[in-house]
Amino acid sequence: MAMIMMASFGAAIGSIVRFIVQTRFKLNAEITVLGINWVAAFLAGMIYASELAPMLHTLVMAGFVGGFSTFSAPIITLVDGLEKHVLRWKAVINIMVLFIGGLVIFWFGYNIVQLLGM
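Residues in the sequence shown are numbered consecutively from 1, following full-length UniProt numbering.
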């Protein structure tokens, strides 16, 4: 039960932070989603490489990062782009940039923690 509470608390905080970022920085929705998910990927890489206690790992990784990231937003953007035949190429490129870039950024976060010995 404690792990569920930690994940729930972290997710609530992550969602609030995402909402603040989305409303404060009135950027293009695609750029905002990309930025949020790349920050989440970087944090996930750092957390994955670190040796956090299980409760703290649940709070931050499953909770905060899970609540902060916006996996549903790129899926909606992809479907919307695929339905509009003119934007299909753009939708596919956006998804490729999101996921390939996310993997690269995850790797950076992971390696930073490894180098610092955290």
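It should be emphasised that the hints constitute simulated quantities derived from the structure, not laboratory data.
Do not take every clue at face value.
To be verified - Across the chosen pairs, the derived CB separations fall in these ranges:
hint	residue 1	residue 2	range
1	L82	P54	24 to 30 Å
2	A2	S72	23 to 29 Å
3	A29	P54	20 to 26 Å
4	F108	L27	20 to 26 Å
5	P54	L115	38 to 44 Å
6	L82	N111	47 to 53 Å
7	L78	K26	30 to 36 Å
We treat Cβ as the ideally placed atom computed from N, Cα and C, and that holds for glycine.
Here is what the structure says about each hint:
Checked against the hint of 24 to 30 Å, the C-beta distance between L82 and P54 comes to roughly 40 Å, which is inconsistent with it. With their beta carbons about 28 Å apart, A2 and S72 fall inside the hinted range of 23 to 29 Å. Separation of A29 from P54 is about 36 Å and departs from the stated range, judged on CB atoms against 20 to 26 Å. One distance hint, 20 to 26 Å for the beta-carbon pair F108 and L27, holds here, with the actual separation near 22 Å.
Between P54 and L115 the beta carbons are some 24 Å apart, a value that contradicts the proposed interval 38 to 44 Å. Evaluation of the 47 to 53 Å hint for L82 and N111 yields a failure: the beta carbon distance comes to about 35 Å. Look at L78 against K26: about 23 Å separates their beta carbons, and that is not inside 30 to 36 Å.
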